[in-house]
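Participant: Sequence:
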Amino acid sequence: MLVQNVNSTNSFSGRFSEKTLKMAYNELGNEGYKIAKKFRAGKNKHDKITVVYDTTPRRSMYHGEILQTDTYIEVTNHTRKKPPLRVFLANGKLQFSTDLLELITKKMAFVDKLNK
10 MLVQNVNSTN SFSGRFSEKT LKMAYNELGN EGYKIAKKFR AGKNKHDKIT VVYDTTPRRS
70 MYHGEILQTD TYIEVTNHTR KKPPLRVFLA NGKLQFSTDL LELITKKMAF VDKLNK
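Each residue of the sequence shown is one higher than the one before, starting from 10 at the first, in our numbering.
Don't take every hint at face value.
To be verified - Simulated restraints on C-beta separations:
no.	residue 1	residue 2	range
1	71	125	18 to 28 Å
2	40	92	12 to 22 Å
3	74	54	38 to 48 Å
4	66	90	12 to 22 Å
5	108	28	12 to 22 Å
6	89	67	27 to 37 Å
7	92	72	12 to 22 Å
8	87	66	10 to 20 Å
Keep in mind the hints are simulated off the structure, nothing from the lab. In this text, a Cβ means the ideal position worked out from N, Cα and C, and glycines have one as well.
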């Protein structure tokens, strides 16, 4: 007979910051807020994940400026003495959806490897 130990704790424990939860509520309403509140990614329970849209001017071929918005996540941890870590997600502004959540989960695996 095989006996397995069952660990009741969730392996993913990083969560969204209040700024990102507010963004989810503004874009998707109450359902989006509930999904974002339950979302967990990363291995450290003190990680706060913030979705950041950064707009930078780019030079065009005809000497004009074009504004380009990129999507990042910023991972902060108040227990470490390191600055926040910013990870690039995509060119352009990604809307809050399940695709964004899957992408954040994959990038948080990368962040966990960096923090070891």
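Participant: List, from low to high, the hint numbers that the structure doesn't satisfy.
Facilitator: 1, 2, 4, 7, 8
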